[in-house]
Amino acid sequence: MCANDMCRCRSGATTIAVWLHAFITIVAASAAAAGSNEGAIVAQAPADDCQWWLHGAGYHMQFAVEFPLHYEEVEIFFELPKTFFFDVDEAKQMYTITATNGVDLTDMYTSLHINSTFFFDIEAPVFHVAYEVNNVRFAFMRLQPKATAAAKQSSAGKGLLLLPIHARYEEADVATPFSLQAFFNRESVVRRCIPSVAVHDAKTTERCHTLPAPPGERIESPSGTLTTKLNRPSSCQDVPVPLLLSLPVVYIFLIALQCVGAAVVVFSLLWV
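Note that this note's numbering gives residue 631 to position 241 of the sequence shown, counting from 1, and the numbers run on in steps of one.
Quick caveat, the hints were computed from the structure, so don't treat them as lab data. Check each hint, because a few of them may be wrong.
[As the list claims (entries may be wrong)] For lysine to any residue, the following SDA-like pairs were computed, each having C-alpha atoms within a straight-line distance of at most 25 Å:
#1 Lys548 x His599
#2 Lys472 x Tyr521
#3 Lys593 x Arg527
#4 Lys548 x Glu463
#5 Lys472 x Lys482
#6 Lys548 x Asp494
#7 Lys482 x Ile504
#8 Lys482 x Val523
This structure is a prediction, so every number in the text was calculated from the model and none was measured.
All chains should be built: construct the whole structure from the sequences, respecting the hints.
This is the structure:
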């Protein structure tokens with residue numbers, strides 16, 4: 391009888407051990423799955439914050455985008471509204487890549503490649519542009535490091551791509567009456583904005599969390615000699631609008647200047 395009781399005890403203990411082992415296995419598997427999902431989410435999340443902004447006023451300004459210096463194949467994508475355009479030849483000649491402290495890093499990268507869905511007509515006003523937005527892509531690759539001061543920049547730092555950008559002439563203001571103040575001060579403006587910019591490393595697919603620079607901040611130029619107080623969102627530009635009623639005045643002045651120039655030439659020939 392004692393032997394039967396002992397067998398029953400052993401059988402009960404074995405059953406409890408089996409159920410306990412199954413419970414531990416299920417909990418461990420659930421934890422591992424949750425951990426792997428969390429790891430996947432973390433791996434897909436942006437690792438860096440990159441700011442971008444428009445610097446300047448009127449029709450001519452600069453487009454600035456930050457990117458992590460450890461990126462090897464930098465690609466920048468954005469949808470450019472038809473108000474803005476790049477003179478591609480000018481941009482390829484005038485662009486710079488610097489560190490946040492102003493050190494020039496342009497020679498550490500390949501030449502800037504610029505691609506867009508539509509050709510940039512640098513002469514057309516807004517109302518003669520057929521598209522609403524133009525998909526633009528910038529790309530450049532990091533070269534092998536050289537023994538220079540620029541090459542010693544920390545890979546954890548940020549680089550800055552800076553290149554010229556322009557705004558097109560908008561439709562004329564037909565409501566404002568002509569006045570010298572309105573003619574010279576250009577008080578009529580329209581606000582145009584670039585909605586978003588995407589920055590990522592094409593080699594590792596790592597992407598940067600991009601956001602416009604906060605409005606109202608003082609943003610330094612790469613040389614550190616110029617700062618601008620932004621009174622508008624940094625992703626926007628207040629584009630001057632010409633006055634329709636000022637066109638006759640402009641034409642009269644142009645004709646008068648041509649007449650004066652012709653008179654100067656004629657009198658100079660008569661006095662010879």
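- Mind checking the alpha carbons of Lys548 and His599 for me, to see if they're no more than 25 Å apart? holds, 13 Å
- Task: Mind checking the alpha carbons of Lys548 and Asp494 for me, to see if they're no more than 25 Å apart?
- Result: holds, 12 Å
- Query: Within a Cα-Cα threshold of 25 Å, do Lys482 and Ile504 meet the stated pairing?
  - Reply: Holds, because 8 Å separates the two Cα atoms, which is no more than 25 Å.
- Query: Between Lys472 and Lys482, does the CA-CA distance stay at or below 25 Å?
  - Reply: This hinted pair holds, its Cα atoms lying about 20 Å apart.
- Message: Check the hint pairing Lys472 with Tyr521 against an upper bound of 25 Å on the C-alpha distance.
- Response: holds, 7 Å
- Task: Quickly compare the C-alpha distance for Lys548 and Glu463 to 25 Å and report which way the hint goes.
- Result: Holds, because 14 Å separates the two Cα atoms, which is no more than 25 Å.
- Message: Would the hint linking Lys593 and Arg527 be met if the CA-CA limit is 25 Å?
- Response: holds, 16 Å
- Query: If you draw a straight line from the CA of Lys482 to the CA of Val523, is it 25 Å or shorter?
  - Reply: Holds - the C-alpha atoms of Val523 and Lys482 are around 21 Å apart, at most 25 Å.
Consistency with the previously given hints is maintained throughout, with no hint failing.
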